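Visitor: Now for the letters of each chain:
Number of protein chains: 2
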Amino acid sequence: MSDKQHNRKETSKPETSNSESRKADDNERDNEDDDKADDDDDNNDEQPVRTNLVHELNIKAIDDILHDQGHDLDEQATKVDKRRRQFLVHELKELFESKLGAKHVDYGQSTASIVKNCCKELPSDNDESFYIVNLSHYARQYHQWMHFLGRIHPFYAVKSNPSSFIIEVLAELGGGFDCASAEELALVQKICGDKFDYAKRIIFAHPCKSISHIRQFRDAGVQMTVVDNEDELTKLKEHWPDAKVLLRLKTDDRHSMSPFSTKFGANERECITLLRLARKLNINLVGCSFHVGSRCLDPNLYKESLKLARRIFDIAQQDEFKFDFKILDIGGGFSGHNWDKPSFPEVAKVINQTLDKIFPESEGITLMSEPGRYFSSGGMTLVTRIIARRIHNLDYKSNEKIVELNRKMSYVQSSSENENEKSDSEKALIESADNIYYINDGIYGTFNAIIFDHKVFIVHYIKINDDNESCEQFKSVVFGPTCDSIDCIAHSINLPLLNIGDVLWFPDVGSYTSACASNFNGFQTKKYVFIWKN
Amino acid sequence: MSDKQHNRKETSKPETSNSESRKADDNERDNEDDDKADDDDDNNDEQPVRTNLVHELNIKAIDDILHDQGHDLDEQATKVDKRRRQFLVHELKELFESKLGAKHVDYGQSTASIVKNCCKELPSDNDESFYIVNLSHYARQYHQWMHFLGRIHPFYAVKSNPSSFIIEVLAELGGGFDCASAEELALVQKICGDKFDYAKRIIFAHPCKSISHIRQFRDAGVQMTVVDNEDELTKLKEHWPDAKVLLRLKTDDRHSMSPFSTKFGANERECITLLRLARKLNINLVGCSFHVGSRCLDPNLYKESLKLARRIFDIAQQDEFKFDFKILDIGGGFSGHNWDKPSFPEVAKVINQTLDKIFPESEGITLMSEPGRYFSSGGMTLVTRIIARRIHNLDYKSNEKIVELNRKMSYVQSSSENENEKSDSEKALIESADNIYYINDGIYGTFNAIIFDHKVFIVHYIKINDDNESCEQFKSVVFGPTCDSIDCIAHSINLPLLNIGDVLWFPDVGSYTSACASNFNGFQTKKYVFIWKN
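First to last, the sequence lines map onto chains G and E.
Each residue of the first sequence is one higher than the last, beginning at 1 in the UniProt record's numbering.
Each residue of the second sequence is one higher than the last, beginning at 1 in the UniProt record's numbering.
By construction, these hints were calculated from the structure, which means they are not laboratory data.
Take every hint as true, because none was put in to throw you off.
All copies of an identical chain are treated as equivalent in the list; a pair is satisfied when it fits inside any one copy or across any two copies.
Using 27 Å as the maximum straight-line C-alpha spacing, the simulated DSS-like pairs for lysine-lysine come out as follows:
no. : residue 1 : residue 2
1   : K357      : K303
2   : K103      : K527
3   : K326      : K307
4   : K527      : K190
5   : K526      : K190
6   : K307      : K427
7   : K120      : K237
8   : K120      : K526
9   : K237      : K463
10  : K303      : K427
11  : K93       : K527
12  : K99       : K190
13  : K190      : K244
14  : K475      : K427
15  : K93       : K120
Model, not experiment: these values are computed from the prediction.
Could you build all of it, start to finish, from the sequences and the hints given here?
Guide: Now the structure itself:
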């Protein structure tokens, strides 16, 4: 497989985003599966040889990426028992086959051809939107994590995608969980049962907790949590006096897409106040945590944050406080895609080098982290249908005349009374489009990430009734299914003439999408199709 | 009651909004219940006399509003049988008492005192957020509708709040339903059962329908739908040939808070194309519908839209088309509050006058409408708790020094690398605040309406452990409960020093709030407390 030449023959990948400034290089790339595969599933000559050695292939996939990026594999090799993981992955594959009907798919098969096959297999009258979930993705990401950051135990941030299948895979492989609410904990409890080691494998990673939630974590046997303000220490003293508490540090997160430091974290001075109060209240402070913000674009922020943590570790053990910190939680912020710059191996390298210098293994500090997007993002593909269409024909384009006839009837003209310029320009874009499509997921569903997560979606299409082979592109608008005009996914993208029933699909929609979707207007993608890439 | 003087003694009503431009007069007012009541529940002298004649009081309440606004009651009196409605309301009251444990509350009791009582009655360790639902509100709004717009049958827009209790009240009183998806229909089916008249009391009011949804409406016996493009007519021809179809017109909605005309509606020229195609396909076109946009601020838009509808009615019956239009659907856009300008009676007056001129009763046109917000908005109050707090003390304020010490550690300084100016100013506001509160509902929950519905929320507080009577106000930030920093409800409002466990409550949160809320991070307001105001 590694000797194979991968021709990328994408049908179409226009960007769909409201924020023009975000058209970065990374959007030009498809998901990692596609990078390793051909688009044309009929071209069997180019398919990789199928093998059942799942783990071997997983590692090979990572090796390919590494090789492309000029990394020396041995240099950062993990010490985790690979044999055991290989066994577990094989077991998981069997489990999900029987439990969720996960279909095995050749590793080399492209997402495009998988989508096409899934659509073919559905009843012809089915026009529901659905997610394709590649379960092996989570296992592969776990392997990659252990390969590059073997010293750091990953606690999956459940919030990024609280789907039970992700929790199941990661729990099986040995991962821990970052839960931020009683409901997230209950989810893990439901999946992992009573025998799960809640003391060591769960962190209640919310610095501002409600008392009823504290009670539920405490009763479940969870021990670790974080704190960043004085009120919270007092609250813990009363309601969770035996908790193992990490100081949540405020970091520089200006280079992250979703910064957190406006909301959480204590700066150095506040840490000193907290150390003093914790000593007075006899709170069991055991270490530090930080979070460089979601999708961190600068690995040096980890470096700087680690240095700050080192400083707080040192201050904590001074005579005034006498805390012996033993846990360091480096939070999340990791991208879910190896084509992101900086790539995961690059970020890992910076972290490892810094750790080796200021938190060497010999010190015996327990290292942990809270990756969410890293695991969940690449695992899901959204498949939607064009449910309705509006061709902007001559009648429409000659709208202006109607305005005269009916006084103020049309919205074409720009007006100072309009709410703001942005909405004016959006209107103008929609107005000047050639074709308007309505699909069955939108801004209130998966695409909420355009608003809440600054996500840039990549759209692909499949013509189902492909009677028109024309490649002519038209300026198109894509609306979501609800009655609300804010529910617009793309104001202006180039697409060929598509029909009702044709497919628009969107790769890498696994994080902060379904997790934050609402059921507004009765529309929500609820159907899942599971695959396991061999 | 109508002779009573109502003193308004609000504790505090700072506005919480990101859009400064929206601080209109209407925000200075509390909900209608409060307008009719005193805030101090201990002052029994000022309480209205309790009576069991529910309907009488409802009508009296409307009479009060009308009287204040100088309306002549007889002039617009409805012809609907009041006796029957009175009986139904009384039955509903009994039904909800047994079914949902709805507590009876004196009509004159203020929302503030109801919230206080609800909090007192909860177990002391309960810190969940909840909604207080005033079920009689829906009945009262229905009465008001029939009083002012008796000619127009209201079809409740389920999307604004798909709670079963609203559907139940309105179905019982005789209302119809505007459903836009198969799931909304299924909800009405579940509540109203098989005997409900789906042909006459449901409209599938979505101009861009998926085929699977069409099938479900058709199979349920629904007959009415709307159309605004050629593809949809072709789709109906194939999948719902016997539907009664309304042409959805494109209107001028520039004066509405949420315009729809960028997404839906056919202009006059397109209507002519559609009439021609419908004749060719033998589609049963029966009338027109329009929607002036959500929260319409200019009643003249109804007037203009009605004139346009009249024109299309006339064109439709020309020899070329020969359609005999008999149904006119005037859509939604009605405010849920009588203090809004224009008020509901004012809007109703314009509509009635226009209808009398161009669609007189003698013509026998069936008039319908799709109010959502009108019914749902005022029925719900959100009660949240302060679950965590951060006092910005000296250590925090002297943050600047830390910046020097730790190079780039703090986010205080403004930087050209920051994403945009808006987020800079938000950061600065948060940074300069005196106190930061975290409550248990936020931007991903009820407050999604700040983003999606341009809603301005009004906040009230209740000190639970009221040991500090100081009225000193501090610049405060209110964050929602999730880990995301975007989850900020108010960047800068004045509040006194509040404690963890104190209550922030928000009236009139019934429309486009819970309907569009997600469960992100495991936080969502799911608890409801029901009351019935006698």
